[in-house]
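Heads up: the sequence shown begins at 73 in my numbering, then just goes up one per residue.
No lab work stands behind these hints, which were simulated from the structure alone.
Among these hints, one or two may not hold up.
Claimed, not checked - Just the calculated beta-carbon pair ranges, DEER-fashion:
1) Lys283 x Lys102: 51 to 61 Å
2) Tyr100 x Gln190: 36 to 46 Å
3) Glu167 x Gln229: 15 to 25 Å
4) Glu167 x Ser291: 24 to 34 Å
5) Ser252 x Glu274: 35 to 45 Å
6) Lys131 x Lys102: 41 to 51 Å
7) Asn245 x Thr159: 26 to 36 Å
Just so you know, even glycine gets a beta-carbon here, dropped at the ideal spot from N, CA and C.
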Amino acid sequence: MEYFYELFLDLPRGGPGDNKSTRKAFSYLKNLPFEPLILDIGCGHGVQTIELARICKGKIIALDNYQPFLDILMQNAIMEGFEDRITLKNQSMLEMDFKNDTFDIIWSEGALFVMGFQNGLKKCFQLLKNKGFFVVSEAVLFLPNIPLPLKEFWDEQYPDIKDIESNISIIKNEGFDILSHFTLPKACWIDFYSQMDEKIKELKKKYHDKKIALKIFESFEKESKMYDNYSDYFGYEFFIMQKK
Numbered sequence: 073m074e075y076f077y078e079l080f081l082d083l084p085r086g087g088p089g090d091n092k093s094t095r096k097a098f099s100y101l102k103n104l105p106f107e108p109l110i111l112d113i114g115c116g117h118g119v120q121t122i123e124l125a126r127i128c129k130g131k132i133i134a135l136d137n138y139q140p141f142l143d144i145l146m147q148n149a150i151m152e153g154f155e156d157r158i159t160l161k162n163q164s165m166l167e168m169d170f171k172n173d174t175f176d177i178i179w180s181e182g183a184l185f186v187m188g189f190q191n192g193l194k195k196c197f198q199l200l201k202n203k204g205f206f207v208v209s210e211a212v213l214f215l216p217n218i219p220l221p222l223k224e225f226w227d228e229q230y231p232d233i234k235d236i237e238s239n240i241s242i243i244k245n246e247g248f249d250i251l252s253h254f255t256l257p258k259a260c261w262i263d264f265y266s267q268m269d270e271k272i273k274e275l276k277k278k279y280h281d282k283k284i285a286l287k288i289f290e291s292f293e294k295e296s297k298m299y300d301n302y303s304d305y306f307g308y309e310f311f312i313m314q315k316k
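Please take these sequences and the hints and turn them into a complete structure.
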């Protein structure tokens with residue numbers, strides 16, 4: 073994992089996204105408490121965590137299992153003057169030990185797949201207060217009959233990936249009302265992969281004699297090329313929902 077983390081540590085974000093989309097998703101949350109309690113699951117570098125602190129007066133628990141990401145987040149929180157409202161928690165999302173009915177909002181951008189979408193919904197339903205909100209961006213398929221190379225890629229990386237309507241159906245079956253959903257702009261993916269590709273070039277030179285490292289970097293290059301070739305077929309969809 074050391075090579076994986078070295079690649080991502082210097083990137084601005086842990087995955088595709090932008091502050092405009094974070095703000096758009098938050099805009100659908102109505103009748104919030106003045107200081108909502110927010111859980112950001114799989115926060116990574118915490119770009120969206122900081123943006124949430126800008127948007128509202130809430131207190132945020134930022135959860136990730138890699139301390140260097142959390143350290144970057146807190147450095148940025150201090151620079152912005154948010155250190156009193158952001159609490160770091162180094163813990164796997166698979167081992168969350170919060171009490172049920174705790175949070176007004178749970179947020180997760182591009183990370184819930186670690187739990188599996190439906191399992192994540194079940195767990196977050198328990199952790200949310202009555203009428204609490206859950207916002208998640210999830211990898212989805214936009215078109216049927218995807219090309220074979222893309223199917224093989226997703227079968228390996230995330231076989232649970234579904235289309236938008238299937239995810240909405242799961243959301244409703246797990247006790248949520250779907251408030252809205254929208255697709256993350258392609259520009260977010262292009263920006264992310266262009267930055268990642270540049271970092272990979274540096275690291276391949278640094279680790280030119282390390283077969284394991286090169287194999288990891290090549291797997292991310294493959295991911296980038298998949299988006300270059302098949303961006304019409306998949307992307308991230310923001311789902312904004314409320315516990316019934």
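* Hints violated by the structure (listed by number, smallest first) -> Numbers 2, 6 - these are the hints that the structure violates, sorted from lowest upward.
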